[in-house]
Amino acid sequence: MKTLRIILVLLVLLILIPFAGHILWRIEPQRQLGVILVDKSVTDICRSSHLPFLWTLNHFRFTKSDGKPYDLATDYYGFLPQAPENSRNFEVKRIRLEDIEELSDKNDVLFYADTKGITYGEWFMGASGEKKGSTIKIIGGLNQNDYFLLKSMYDKNKTVIAEHQFFSSASDPLVLNKTAEMFKIDYSYWNGKFFPKLDTAKNPDLLPELVASYTKLYGKPWHFKGPGIVFIRGSRILVLDQNDLLSPIPLIVTPKSKAAEYHLPDTIQYPGWFEISGSGPANEIFAEFYIPVNDSGRARMEREMIPVHFPAIIHSRQKQSLWYFTGDFSNCRIPYWTRKIKNWEKISVLHSSSPQKTTNFVWRYYIPLMSKILDDTYKRLH
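Take the sequence shown: its position 37, counting from 1, is numbered 37 in this note's numbering, and each next residue is one higher.
By construction, these hints were calculated from the structure, which means they are not laboratory data.
As the structure is a computational prediction, the values presented were derived from the model and not from experiment.
Keep in mind that a hint or two might mislead.
[Unchecked claim] Below 20 Å or equal to it, Euclidean Cα-Cα: the simulated PhoX-like pairs (lysine-lysine) are:
#1 Lys-372 x Lys-256
#2 Lys-202 x Lys-357
#3 Lys-197 x Lys-225
#4 Lys-116 x Lys-137
#5 Lys-116 x Lys-193
#6 Lys-64 x Lys-357
#7 Lys-68 x Lys-342
#8 Lys-106 x Lys-156
Let the hints inform the model, and build the full structure from the sequences given.
Given below as structure tokens:
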């Protein structure tokens, strides 16, 4: 009987806590904030490449000017997959030149989640998952209209946020250089990611072309098995495994003063994709990546001129509303329905303990950071 009572109490709590959280969420005041979202790399119906950003907007009650919540599936520019997903239908929503001044006047935030884009071959893939067909982009990279919108928002001191893949090689070179100058960022095209298993037989996320490039470059087969970090730049590849690393997962380190101000952990593991970009004195390094290598790993990174420490979050000193994230922070599948439960992000922290999962980083770091940036923007306007 005692066990049954405990089970019943737990079941009641499981029902009451979300219900009470939803009631508390509904009585929170709505806050109108004009947001432009651009995502050119959406590859699934659940929009995981910008889902945490939309979760943050809705959870913290930021709405459109008409009081309606932002819609995950439609309220963005870029590549829009259409349901059902297996139909492979899509729409492309582009920024039009004639709309730019009005967009920058009426909106307060511009966020570029991903500009890498998607090719016809990537979208129209076979049932096996093998990419087939053309490498021509359906959409991708920064174009002239992107630059004009960025410049207009920048000049009007609106909040501008961009992240990993923003300086995509798919971009127009002139636009890329002008945008990098605006952000005062030096991009290197080096990208990296932690993999829990480097064994190709056990990890489907290891792309065959990556393994083939390694074999061609080094003249030997891919032999890695355990966890490690892979760095990629074009045809150049560096693989660090347990023989090179003190710990396999990259760290993001935030100065204690900033961590306290933004309610962030000062050190957290980040398992997702990241890029190596430099920054000049016009920017402050809000947080930095650290690759925990031993002497062997450090020497191998130095040979490729890859730094052990490099920027994770860049914040402009001249334009306090300009941010750049070098990690793919907004790309994660979290339960979207929880956006309507107050303090769910704090509850999730209690059971999101695995550092190998990006969800741990999203709940503990990304959402507190992004909500503070949006909150500061709203307060500046009101």
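These are the hints, each one checked on the structure:
1. Lys-372 x Lys-256: OK: Lys-372 and Lys-256 at ~16 Å, within 20 Å.
2. Lys-202 x Lys-357: With a Cα-Cα distance of about 17 Å, the restraint between Lys-202 and Lys-357 holds, given a limit of 20 Å.
3. Lys-197 x Lys-225: 6 Å, holds
4. Lys-116 x Lys-137: Status holds; Cα separation ~10 Å.
5. Lys-116 x Lys-193: 16 Å, holds
6. Lys-64 x Lys-357: 32 Å, violated
7. Lys-68 x Lys-342: 18 Å, holds
8. Lys-106 x Lys-156: 11 Å, holds
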